[in-house]
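**Student:** The chain contents come next:
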Amino acid sequence: MPQKKIHLPAPAAVQSVAVNTRKLSRVGARPAFLDYLVRLWDFREFIFYDARARVLNGTRRDRLGSLWLILNPVLNGLTYYVIFGLLLNTGRGIPNFVGYLVVGIFLFQLSAAAVTSGARSVHNNKSVVQAFNFPRAALVVGANLRELLKGVPMLLAMLLILVVLPPAEPITWRWILIVPAVALQFIFNLGVGLVLARIVAKVHDVTHLIPFALRVWMYGSAIFYSYDRFVTHPELLAWLKINPLFNLIDIVRSCVLYATLPAWQSWALLAAWALGAAAVGLVFFWKGEESYGRS
Amino acid sequence: MAEVEEAVDIDGHPCVVVDQVSMRYRVPSSEDVVAGSDKRRGLMRRLSPRQAIVTVEALNALSLVVERGESVGIIGRNGSGKSTLMKLISGQLQPSSGSVLASSTPVMLGVNAALVPDLSGHQNIILGCLAMGLKRREIAARFDEIVELSGLAESIHLPMKSYSSGMASRLRFAIAASLDPEILLVDEALNTGDAEFGDRSKQRMDELRAQAGCVFLVSHNLSTIKSLCTRVIWLDRGHLIMDAAPDQAVAAYVAFTRSLSQGRMGAAGRIRGDARRKLVATQIEQRTSLRRKGRD
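Going down the list, the protein sequences come from chains A and B. By our numbering, the letter at position 231 of the first sequence is numbered 231, and the numbering carries on one by one without gaps. Position in the second sequence counted from 1, then plus 1000, gives you our numbering.
Read the hints as simulated data drawn from the structure, not as lab findings. Small disclaimer: the values here were computed from a predicted structure and weren't measured. Do not rely on the hints blindly, as some may be mistaken.
To be verified - Computed list of lysine to aspartate or glutamate pairs in EDC-like fashion (alpha-carbon distance at most 20 angstroms, straight line):
#1 K1202/B <-> D1274/B
#2 K23/A <-> D1118/B
#3 K1135/B <-> D35/A
#4 K1202/B <-> D1144/B
#5 K1135/B <-> E290/A
#6 K1202/B <-> E1285/B
#7 K1161/B <-> E290/A
#8 K23/A <-> E1067/B
#9 K23/A <-> E1148/B
#10 K23/A <-> D1009/B
#11 K23/A <-> D1206/B
#12 K126/A <-> D1118/B
#13 K126/A <-> E290/A
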């Protein structure tokens, strides 16, 4: 129905009213950054419950249920092994290529799933955003937490494969270093997810670009080839060295496959990426707080 | 031209202040683009049909002050902007201009609260309450009441996507009603249950209204409005027509709609115009402290 302008007479008078607004605050206003973080902490019960409930219900439709959490990366690993290991032979010169590949694939999948899930979390939950008043970053944290919970059985399966398949790797105390490494990875994924979530909430098209970006990232992380391949190309090597995912995979490989302590530089780089991404992500996301949920 | 009267101070702290709030949407319209304004020929026009974007003024600039203890009814025809005003006060929408100030987060009791279809009713109750800011202990204390109010009994453990729309609406209402809000907004569309649910929900609403600082109620049921409200606002086509005592406002509105339904557009327009001419619009001056004026 076309909107016709209706003709209304002006009101009789305009009464100016002075109001003490000291105890009032704007509805739906974005809190100050530190207040926002405090609120986010206050909503931790919501975040945990949301993550747990959705993980439990996630695979209910499938016959094999939660088994797919592990089967998926295993099948992925198998495919890459056949194509890159056997057919293209990129694994030449790498001892225990299967182990090398498995670590790379599983860790990459953790990040890929977390980033994708985080990016979509605000857009997909628009109805929850419109219905309730809570710090929206809770959705991104929840999505990442969910993926971490799903990731734990994945990592255990990965370690099992390394121990069981020949050449069986010995379990050393260095295996415990996987925990801080994955923790840093979680923080990094969260930061990236926060940035993407705000972008996707505004421009949904970006969702279609994310799989391509992830693919490029995967190829640039030395998952199915060795770092040595690019020894003759220092620029490419430099890119590889800066890649946080490569550093993460390198750290875990050192601990698990080569029983050596990873170089402190790898840790430093990974930590810098993680904390940097988290800081940038939180601020960037917080700035857009009032815009989520607007149709 | 309306004159600005001398400023009046509001003593104490109001509950809700609506300051020159308006809402404007830009939406695509399927109305055909006027021929002649579109100069592209043949194929280009077919490949990329231009969609007109129109601006819809859902609400024109409006100011209100609502104090503690007031129960404000909002009446008007469909499309008058009632729901828009409610959403603006609750914070669900951000106004195109102006702002809404409140002494605490308003809670909207409606059937809009979104829940997760894949999860069970039980899980959604916990999730919804957590999303509203309650702690687990508080939720545990209220859980049984919520289930009882919703009338779902055993179905509470089934996934929400298997619920009928009535069941889902009742659950949403029960969850929202478990809070004890200071500012309560009630949307009329609560007739989503049988008589039994109707009685229980009315009882709960009475309890909430007794505890709340101020209440806003949107309803087409004018007798409810007259019996429950201390003040009534009449909106029409996004404009504020009247802000007065319930009897007066409802009487004028009834006369207006009766004229419309009898096809007497002129008479209806006159009723509306008269009401509007008697309106004293509000202009807010925000202060962080008030000087006591010597008044008799």
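**Student:** A separate judgement is required for each hint: does it hold in the structure or not?
**Tutor:** Hint by hint, here is what the structure shows:
no. : hint                : in the structure
1   : K1202/B <-> D1274/B : violated (35 angstroms)
2   : K23/A <-> D1118/B   : violated (40 angstroms)
3   : K1135/B <-> D35/A   : holds (19 angstroms)
4   : K1202/B <-> D1144/B : holds (18 angstroms)
5   : K1135/B <-> E290/A  : violated (24 angstroms)
6   : K1202/B <-> E1285/B : violated (37 angstroms)
7   : K1161/B <-> E290/A  : violated (30 angstroms)
8   : K23/A <-> E1067/B   : holds (13 angstroms)
9   : K23/A <-> E1148/B   : violated (36 angstroms)
10  : K23/A <-> D1009/B   : holds (16 angstroms)
11  : K23/A <-> D1206/B   : violated (27 angstroms)
12  : K126/A <-> D1118/B  : holds (16 angstroms)
13  : K126/A <-> E290/A   : holds (13 angstroms)
Hint check: violations occur at hints 1, 2, 5, 6, 7, 9 and 11; the rest are consistent with the structure.
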